[in-house]
Structure formats: structure tokens, C-alpha cells
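Once you've looked at the hints, dock chain B against the given chain A.
Residue numbers (numbering that gives the first Met the number 0), protein chains in the order written: chain A, 0 to 1038; chain B, 0 to 223.
Among the hints, a few may not be true.
Derived DMTMM-like pairs (lysine to aspartate or glutamate); straight-line CA-CA distance at most 25 Å [claimed, not checked]: (1) A:Lys675 - A:Glu558; (2) A:Lys849 - A:Asp693; (3) B:Lys203 - A:Glu929; (4) A:Lys906 - B:Glu34; (5) B:Lys218 - B:Glu46; (6) B:Lys28 - B:Glu46; (7) A:Lys926 - B:Glu193; (8) A:Lys137 - B:Glu189; (9) A:Lys137 - B:Asp209; (10) A:Lys926 - A:Glu913; (11) B:Lys13 - A:Glu913; (12) B:Lys165 - A:Glu903; (13) B:Lys13 - B:Glu77; (14) A:Lys906 - B:Asp206; (15) A:Lys854 - A:Glu689.
From chain B, some residues computed to sit far from chain A (all C-beta separations above 10 Å) [said to hold, decoys possible]: (16) Val39; (17) Lys41; (18) Glu50; (19) Asn69; (20) Asp72; (21) Leu75; (22) Gln78; (23) Pro146; (24) Gln178; (25) Asn204; (26) Ala223.
Hints are computed from structural coordinates only; laboratory data are not their basis. Ideal placement from N, C-alpha and C gives every residue a C-beta, glycine not left out.
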Amino acid sequence: MGQKTPQIYSVELNGAKDMKQTDKGDDKDKYRGLWSTCLELRKNHHKEHVTKEIDLDDHKLSNKELENKYHTNIVTGLSSTQAAELLARDGPNALSPPQETPEIIKFLKQMVGGFSILLWVGAILCWIAYGIQFSNDKSSSLDNVYLGTVLALVVILTGIFAYYQEAKSTNIMASFSKMIPQQALVIRDSEKKIIPAEQLVVGDIVEIKGGDQIPADIRLLFAQGCKVDNSSLTGESEPQPRSCEFTHDNPLETKNIGFYSTTCLEGTATGMVINTGDRTIIGHIASLASGVGNEKTPIATEIEHFVHIVAGVAISIGVLFFIIAVSMKYRVLDSIIFLIGIIVANVPEGLLATVTVTLSLTAKRMAKKNCLVKNLEAVETLGSTSIICSDKTGTLTQNRMTVAHLWFDNQIFMADTSEDHFKQTFDQSSGTWASLSKIITLCNRAEFRPGQERVPIMKRVVVGDASETALLKFSEVVLGDVMEIRKRNHKVAEIPFNSTNKFQLSIHKTDDPTDKRFLMVMKGAPEKILEKCSTIMVNGQEQPLDQSTAEAFYTAYMELGGLGERVLGFCHLYLSADEFPETYSFDVDAMNFPMSNLCFVGLLSMIDPPRSTVPDAITKCRSAGIKVIMVTGDHPITAKAIAKSVGIISANSETVEDIAKRLNIAVEQVNKQDAKAVVVTGMELKDMSEDQLDEVLTSYPEIVFARTSPQQKLIIVEGCQRQDAVVAVTGDGVNDSPALKKADIGIAMGIAGSDAAKNAADMVLLDDNFASIVTGVEEGRLIFDNLKKTIAYTLTKNIAELCPFLIYIIVGVPLPLGTITILFIDLGTDIVPSIALAYEKAESDIMNRKPRHKKKDRLVNKPLAVYSYLHIGLMQSLGAFLVYFTVYAQEGFRPSTLINLRVEWEKDFVNNLEDSYGQEWTRYQRKYLEWTGYTAFFIGIMIQQIADLIIRKTRKNSIFQQGLFRNKVIWVGIASQIIIALILSYGLGSITALNFTMLRPQYWFVAVPHAFLIWVYDEVRKLFIRLYPGSWWDKNMYY
Amino acid sequence: MWVMLQTLNDEVPKYRDQISSPGLTVFPKPVTALEYSFSVSKRESYEGYIEDLKKFLKPYTAEAQKNLRNCQDGALFEQKGPVYEACQFPLALLEACSGESDPEFGYSKGHPCILVKMNRIIGLKPQGKPAIECTGNSKGENTTTLPVYPSEGNIDLKYFPYYGKKLHASYLQPLVAVQFNYTASSTPKEVTVECKIVGSKNLKNYDDRDKFLGRVAFKITMRA
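Isolated chain B, as found in the complex:
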């Protein structure tokens, strides 16, 4: 057993074959299942979501990012060490969902924000121009629009590759926010959203058995 542990690398696991392509996850962190349900008029029904988002975005404040590097857009940021730097992810990219202009992330206005991110995988180098694309599907008339930030849901290549917890401690994951604009008058307003990675050849967005491989589906139910 001890011998076996000695053979392990502290920085990189020996094999990464079982996670060759990242999964997608969403924030706020779902409580029981992938369902967000709240009432616009009742703050306490969405307060948890806001807290969760704030907590999640804490490493993304300007203060926390001040030591990070402002990398060049559009290209992989490969490093040789021994010190590995992380690239800044300015919150402003998330625009209306950054929490800066609206500390309630649109929940009180009926336009809630959900953050989508790709799972970290050591050494992953996406090809092409990866982006998150979301489609909504609500009951009855299709009147939902889904603005995404940064525009077109782009994920910049400069955030890749990731070098692991130990070497790359200050690493910040790129995020994409989705906001909901319900125009229908019916209540409750219900929509099922599916987001997936597009634009990159080596990032899968469909797998028979794994429903979270390069995609994620969740449901929002909003009452007045």
C-alpha cells in the first residue's frame, strides 16, 4: 500500500482516461435536484441562491484577482513552470449577472441568473472556439429569451490548460452566465433549459449514459 502511494505523482494523477471530456455544472448549487424554484415577491425563497452565487464568485472579485495575470485573449496559455500563473477572469464579463450592478442577480426582477461552468480537467486543451449554448423549452408559447454573458457564451482559450490543484492553486475557471427573460404572462413561469458546449471538436456534448458530459439541463419555476 505504502509502495503504491509512493509511486503516485503529487501534481498530476497517473491516468486521466476516465475524464477525457469535461462535464458541465451550474450554480447556484442545486439542493436536491437540478430545479430552481422561487417566488419573485418572496425574498426568502431565493435568498439561498443569491448567497450561494456570492460565495461562489468570491474568488472572482477584483481584489482577489489582483495578483493574477492579464493574459492574451484567444490562445492557449501553456506554461512550463516551475511557477504556474493563472489568468484573470474579470467579473464584468458576466455583465448583468456579475452581481456588481445587481447584487440580487436578477432574481428579484424575475430575470434570474444561472452560472454555467466546465469541470476542471488537468491538461485539457480545447480545440476551436468553445462556447456555451443554451436553449430554453417552456410549456405553451415559446417566449423565453436566454441572453448569455460573455457574449455568445464564449469561453476563452487562455484559461487552458489547467495544471492541477497543487501547481495551479490560484486558477480561476472561466464562467458563462445565462439570464432568463420571461415575457409570457402565465404563472408559474416554467422553463427547462439545456446548455451545452459547442464549437470545439474535442469537447463532447453528448453521451448516452452521462447526461452531464458537455451539457446540463435544469428547470426553473418562477412564481409571482
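In isolation and in its complexed conformation, chain A is listed as follows:
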């Protein structure tokens, strides 16, 4: 326990080594992962020695030894001065918050990420170009300075935008981590004081009672009926009793230690603080989580891949044409300016901002469906998820004990275990039920907290342990006011449940005033109860308990036990009024009442039932090709039962053990190929090599891991990731947090989830509803498809923006499209349409296909790039050039005249350049014509981008199948394109710096035939894809 954090950080290394360890400790294995780092370091030492070394012997020490060790006194506590010293030495008793990246670093990252570097280079080249121009000619134009500044602004603004978006989604989370300051009752200077839990130090004596959170790791010195809920730490859904006896070598198993952040459910206890803050078990798990590196999200990888492609194209074309330009005897300065143009044309400046917006739109949509996304990119991750490793308790189950089955009259009855509508449908007419319900009601110490009459029964707060709570709620639902019934049957004596007796007993006056007998009711471990019985009630009549009824009892008991349920037996006895008159004084210590020959009434079994929405959600995951694996700290039988009931193990699949049992052969003889399902325990897992684990993961479609430690959860996640799977982990407990962090996407429960889990997760399910994951998967897949469309749409016009430069350099026509104009397309007309594609509905049922393969199904694949760049892109360029040539020709410059006109055209002192008709143009007149050309080219691209936008609505289906008007936002996008273009041309046409002019209205229509051509071309492409699936065409034309 005293180990330093660096050892904890080396999780992965030790994860592998851990499995090679083969020591045969039984229950310790469950928690081995935690200590493995230390074991590894000292593998030559004897184990006990190690345990001592790591300061875990506190549970073995006597009170006296503890006092000496921590220089404290059990009765008087520490003195204030001592405490202050220790506080100064050890620091406050709080987990150090996970290290946050400083805001400035986050901001700078946005500034240099993606295309930003390329644009910075462009901007700097602009300024350098101006510098050279300026040194040659003091009066050189400021165009390059403007352009450089605009480029820099673009980078900074998109950076700020991305940062803002990121910060916004982080802020939502910040509200979660609000810590409620915790108080602790401590004995110091012989006085009881309430102090903030943060100020606790080792050696403090603290008192806890039911309902408190345990404020630090404590060694119990005194306990009375104390039970703690360790579910967030170990995944055990049952309350764990705590006493001051040393019961187990393993500190996590022994009863005399209470752990920081777990809850004391009932009883009281006094303990000595033995570890505080980060040195607690929770602290170790938390640091284990923070030591796990955050995996890059799949969409981030995809976007990086895409950026590489585009940057690669930009740089190689840029450099190629730089060389061509230089060898064509262009001046180096001009060549640099060309280079800038090529970079600007190639980089889709607005795209990354668009992607961010698209993701955050989806995130918002998901938040409405109770999926809160912390990390925007995680929106898509869920869509590519191929394996979900789900925790059981609290995620798949409701995390509360509920009555599941009843057995009486030789029959098993099923109780409704759903969350809300608690309608019990079993037969309640039998006289046995009347007796059984009386026992359930009376032999129960749990009570509702007062003042909850209006709260639905299932949501009321109860004082009492989990089983009794379940029984109380059950009887309240079935019988009505339990408290009233108890009042009518006055309790005269009681023996509470304890682990030695394994039963609970109470004696009541009956509510029948004519009946003067006492009723003794009893519940407990079924076999113990049966021992005390000689009769059994069937159909309301007492019958002797014979061999066959006993057998029926055992069959029912085994069956319910096999379902992973906790079974309780119930019996009663009416004490004869003669022997026990009304005035009889019952003595529970002397036991002056009969304890045998009772009448057995029935069995009742309880389980933490699955959430009602889970089975359906799991079926949906299955059909979406997602494998759902259960990983839990709970016992294998319970885990398997729940797995079966939610469908993680489907109804007709068997484990090796099931087959063996069915065929009545030894487990070793079973052909492993026959088994579809497997339950692996933590103990088995620890003996497995990496390869064996891989084999388990690949060969069984249905897997349950039980009794796993946090460390092993990590190993399982890593194993899944080795299969190239995108792994989602769901969980709520602290013990899940390392795995949540390690997963490609960690999903925490919002209501039941611990803060540690929520912090480690990428996504929080606000309603704790596993079904929300399915929604998330659907949204994630849709966003991936739609991002493809957005990128294809955006990339297309890059060629139309690039060609003008290439033609300008090679053919020497006046520049068809200015750099600033390009920015107006990328950041103006194109923005809304590309966001609009995010609203596109799915083309087919996306939940019926396999998840995408992380390495094979790329966001930007070859067909996408080729089709966008070389097919539609080139067609678009031709269309735009047509508009450009039309404008020039109709003003006097025929295309043939334009060729190689560039040099004369751009000379400032040539003011009588002759056109094709003998007219002479001044420099400014030419320049104005050039801007008109820019505007024309711009309009040409814009008109064809409308067609591009429409064809991008689908990748396979015809537009008419998809519905032209179903996505209204697309039309908003088209309207925005046209309006922005109108404003630029007619509204701002007079601002020279923007290089727009008022274009004659008819030029707006020159490219329309081309736009239609694009549409028809793409319809034909889609038609062939639909007609010939799997053909060469399909493979090369479907993106």
C-alpha cells in the first residue's frame, strides 16, 4: 500500500507479467492485479514479506499494536497538534484531481493541429513574398500582406472555434464533479468533533454509522451490525458485513477494514484511519486509471488520415508546380505565390470546423436522448464500436435486490422484477400465500424512512439491509401498508439475523382478537429453516414433511440458486395459548420457546434484476454486429444467470460446463467447438497467457468474465483491442474506471456512477439506460456516413479551385480564380451545406450491418478521393472554366487570345493591351475584367456545388429513393449558398479588396447544364452500384 505511484503507472507491462504469475492463493487472486506491481518488483521475496513491506498488515495487528504504530490512543484519539503535524506531512485526505492539460496548451494545440500548419506556412510565405517585393519596390501592392493576414485569421478563428466547442463540452462535465464536502466524526483530544473529511490523518479515530460514506481507509476497532456497500470498489452487489475480527490475509477480503468512499449501509463502527488520500485503495485505482493513456479516438485517427492525404496532395502538387514554375523561368517570387495559391486551394479551410459542428450537433442530439458526450470525438467512436465490455452491477442490473421468485405449494412463481410497474401476477388465492405474506411482512426489521408517502414504493428510501429492503418493498406492493399490518400484529420478541444462527425470528400477537395464540415467524437460510420444520404447508393446510416434499424443496432450492439468486426459507408456528398465555414473557437469550417442529411455508428468492430495457438493447447490439461481453467482479453463478436473462448468453447457447452436465460427461471430454458461450473467472484469467486470452476472445461469441479485478478488466479491454476491435466499456464503479479510461470509449452511468467512473469516461448515460448505448451506436454510425458525405462534398471543389492555378501556370491565361475568392468558397458558401449533410437520414438500416473495421473501412478511402477529385472535381472545373471563358470572350478576349497572355496582361505599364477585336485595355480595365472572371468562376463552382450537395445526399441509393425534400436543412444550405453569392457579387461588388464584381445575371446560369450533368453522372454511378453489387464498379466507385 505504501508503494509509490510510478509503479502503478507501469500498468501495461505488469498486466502481461501478472498473468504469468502462478501462485495458488484462492480468493486473493481477485485482487492480485492491484498488488502485482509490487510482487513483480520483489518476486524473489516471500509473499508474506511483501505484504508486510507494502504496509498491509494493519488488519492483522491487535489494537495495542495499532496504537503503537500510529502513535495514537483508541479512547482519546490523536491530539490536535499531532494531527496538524501529520496533515502537514501527508497532505489532505483527498484524491488529487486528475492532471488537467493547461488551457493554453489546449488552445495552442488547436492552433497547430490539422491543416493549421499548412495554412501558417502559407501565411508566412505570403509575408516573405511581400518582404521580397517591398525590398525591390517600395510601392509594391499590399495584396500578399492581406492574404497572409487573412490566412492567419482563418487559422486563429477556426482554432478558437474548435477550442470553444471543446471547452463547451468539457464544461458540461465540470458540473458533475462538484464535490459535496464530506464530514467526519473524529475523536481528538478525547473529544468527539465533526471535521471536514479532508483533514483526517492516519491514526485518527473515526466513528461511522449507517448511511455515512467511509471517510478514509479504516481499520475497524469496534463494530455493531455494520455492513458496507463495496459494489463500487469490487462489484459485489451484496452488502458486506464488517466486524473487528481479522478474517482473511487479503486486506480486501478481511472484515476488519473499511474502504475510503464506500458506504456504510447499517450499523455503527469505530475505526482507526490507516490510509488517507491517494494512498487509499481507491486512490490507487484512481491513479491506475490516470496512468492509462488515453487512446486516440477512431474518428481522430480518421481525420488525421484525411489531413495527411490532403496535405500530401497539397504539398506534392505545390512542390511539383513550384519546380515546374521555376523551370519555366518564372521568377522565384512568383513561384512562391503560386505555391501559396495551390496550398490555399487544396486545403479545405472550413472542413475541420464543419466536422466539429457536425459532431457537436450529434452530441446535442444524443444529450437529448440522455447520452452525454464529454469528448466530442467519442460521438463517432460508439458507431464504430465492435465490442462492448459491460459491467454487470448497476449497468445491466438495477443494483438493488428484488424478489424474483417464490416457491410455495410445490410451485415456483415468478415475481415482476421490472423497475416501475410492479404488478404481481402470481396466484395469491392460496392459503399458503396468506401465511407466507404474513411471515414476509412481520419477520422484517426494515422500515421506510418517514415522509415518503407520495414517492413510488420502489423509489422509497429504506433503513435496512438489501434483502430486507427487497422483502419490505415486495410486501408493501402486494399487501399494502406494511407498517399498519405490523402495528396490528404487535411484536413481542425478536432475534435479529446473525451469521452464526443464519436465521431471523420474531414473535407477534395476532391481529385476530379472538385468537389468543402467539405467532412465531422465522426466515433464514433455507436448509437451516427446513431442519427446524416437521410439517409443510400446502394449499393452506399443514402436512407432514415427508421425503418427497423435502426433495421437491431441494429441487426448487437448487433451481433458484442456479439462477444466481439468493434464496430465503420461511416458516412459522402458532404457539398454543395454553402453553404460552398472553402474559408469557419471551426471553430471546434463554430461548424459552420451541425451535423445532415448525411449519415450513415457502421459499423466496431475490436477485439484483436486469434493467428491463437491457435484453432488447443487447439484441439490437447483436444484430448490429456488436459483441457484448460481461465483465464483472461478482460471482460466476450470478454473472451467468444475469448474462442469460439479458441475452449476453443467448437462450440456446451453452458453456462447456453446460454441455458436460447435459451429456453427463467430464468437462475435459467436451468438444470446445460446441460451446458458444464461456464464463471465465478472474482466477482462470490470471493463469492465461495473452494468446490464450486472445483465443477465448475470438473463439466464443458469448463471453462472461466474473470475479475480475480492476487490473483484469484492463487486461480484457487490451485483449479486445488486440483484435483490432473498437472497445466500449460501460461501468459505474470505481473499479471500472481504469478500464473506462483504457477503452476506446468509456461509458459511465450518470445516476449510479461514481465520480471516478464519470471522470474516466468519455460518455455518461444520464438515465443509466443501457438502451441509450444503442441510440448512441446508431447516431455514431450515421455521423460517420454523413461525415464521408461532407468530406466528399468538400473535397470535390478543391480540384475546381486548384485547376485555375495549374492552367494559369501552364497555359498562361489570366488568373481565373483569386486566392481570397477561394477562401470565400471554403469559408462562405460551402459551410452551411456541408453541415446540412449531417442532418441526412441513413440510407439503409445502419443497425443491421457490421461495425466498420478500424483499419479497413476508412473515412476517406481511395474511391472517395478518386471520385471526388478526378470525376466530379474535374467536371466541376470544366463547368467553372466555361463560365470564365464565356465572360472573357463576351467582353472581347477569345480563349485563343488568352493563351500565354499572362505576362503582358499583368504588366502594370501596359495600358493598351489589344483584345481579339482590336480594342485596347488599360491595366485597371483588365484587372476589373480579371475580378469579373474570379466572380464568374466562383459562381460556376457555387452552382455546381449545389448539384454536388444534392448528389452527396446518398452514396448508393438514388436521390429519389432518399427523397429530395426530406432533409430540409439541405435546402437551407442551398439557399445560404445562393444568398452569400448574391451578397458577395451584388452587395460587396464595389469593395476592391474582396475582388468581387457585379456579374451579369445570365452568367449565373452558364454552369447549370454542367450541374445537371453532374447529377445525371452520379445517378448512373449509383445505379450501376445497385445493379452490380460486388463488381469492379462497386469496389471502385462506392466510397
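What follows is chain B alone, placed relative to chain A:
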């Protein structure tokens, strides 16, 4: 594309909105910027200018103009075709700058000639009585005189309108010459000249952004 080219008129471009008013240009053709710099005593420093002027004036020789029409002065010469005639522009109008009396256009004498012309624009019909007016601005004392030929820099209306390269192949543009008379003794002699069109309502001579619309400015630096 082909369809688009078919719609074009061979003779007249569809639109002339972007060149509604002509620019002014000067000859000799400036080499790098609008600056003439030479030394009177060194022939090679101005030889290029003389060659350029000679080349430019070649279509204006009596021989080349003999088939052209001697039009009536002072009125627009509008034609209906199908054959379009051009009006003569006798070089004699340029007097001292015609190159006939002084084949060196005054450069060797320190009185260099610069020719100014209006850009051709199809269908342009100037109103009023267009003329080129030049003003000089030299450093120090203002002692430059700028005689222009033809007198007062007049541009006769008979040279308009222009019907385009194809129909009006033999068209000759009217010219105006400016000559410089430096009287100051200081060297180098430097003068900035600005010429502009005056006297016509529809010919603009000032535009914020276009420094050559109806005007032209150039600089002459002359050393001994």
C-alpha cells in the same frame, strides 16, 4: 464550350461595358515603367526610343495611307458597311514631331517628342471637341513649355467610330504629339508630365483606381 464560341460575334464583342471610356497610352513604348531617361549627347541612350517611334509611325507614311479616304473634318464618320473605310491621318499634322523634318524626333536637340493616343474602343463616339491637354511639372523653376501637335492637341471626330479589327482593318488612330522645351540650365532636366483628354463629356479623364483612364502621366529625365 463550342456552343459558347458559336454564339460569339466575329466582328464585335458582345459587351463593351467594361471599357466604356478609353485609356491613354504613350509612345515610345516604355520599357519598364513610364519613365524616359536619356542623355542628349549619347545617341545610344535614345536610339531605342527613335526606333520605336519609327516603327509605330510606319502605318502613317504617305505611302501606307494612299488608299485611305480623305474625310471631312469635324464630324463623326459613321459607316454602314459592308466595306468600312478609314480616314487619313497625315503625318504633317504632327509637325516637328512627325519624324519627317527631324528623323530624330528632337531627342538629339534636347526637345524630345512623345506621342499620345487614345485606346481604340469599338463604337466609341466622342462628344464635343476632344483634345489632349498636357501639363508639365518639373522640380524647381517651372520653365518647361509643352507645345502639342496638332495645334491645341485636337483629336478630330472624323476618326470615330472604330468598327473593330476585322471590319476596319486599315483604321488609323489619331495621334497627338507633345514636345518638350527645357529652358532651365540645371541638369539633369527632370519633368513629370500629365496629359489628359478634355473637351468631351463622354470621355472620362479621372478615375480613382484607373490612372490611365483618359489620362497618362510620365516622367522625362534628360542629361546633357
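Against the structure, the hints:
no.: 1; hint: A:Lys675 - A:Glu558; verdict: holds, 23 Å
no.: 2; hint: A:Lys849 - A:Asp693; verdict: holds, 21 Å
no.: 3; hint: B:Lys203 - A:Glu929; verdict: holds, 22 Å
no.: 4; hint: A:Lys906 - B:Glu34; verdict: holds, 15 Å
no.: 5; hint: B:Lys218 - B:Glu46; verdict: holds, 18 Å
no.: 6; hint: B:Lys28 - B:Glu46; verdict: holds, 13 Å
no.: 7; hint: A:Lys926 - B:Glu193; verdict: holds, 23 Å
no.: 8; hint: A:Lys137 - B:Glu189; verdict: holds, 21 Å
no.: 9; hint: A:Lys137 - B:Asp209; verdict: holds, 20 Å
no.: 10; hint: A:Lys926 - A:Glu913; verdict: holds, 14 Å
no.: 11; hint: B:Lys13 - A:Glu913; verdict: holds, 16 Å
no.: 12; hint: B:Lys165 - A:Glu903; verdict: holds, 22 Å
no.: 13; hint: B:Lys13 - B:Glu77; verdict: holds, 20 Å
no.: 14; hint: A:Lys906 - B:Asp206; verdict: holds, 19 Å
no.: 15; hint: A:Lys854 - A:Glu689; verdict: holds, 22 Å
no.: 16; hint: Val39; verdict: holds, 24 Å
no.: 17; hint: Lys41; verdict: holds, 24 Å
no.: 18; hint: Glu50; verdict: holds, 19 Å
no.: 19; hint: Asn69; verdict: holds, 23 Å
no.: 20; hint: Asp72; verdict: holds, 24 Å
no.: 21; hint: Leu75; verdict: holds, 18 Å
no.: 22; hint: Gln78; verdict: holds, 16 Å
no.: 23; hint: Pro146; verdict: holds, 24 Å
no.: 24; hint: Gln178; verdict: holds, 21 Å
no.: 25; hint: Asn204; verdict: holds, 13 Å
no.: 26; hint: Ala223; verdict: holds, 27 Å
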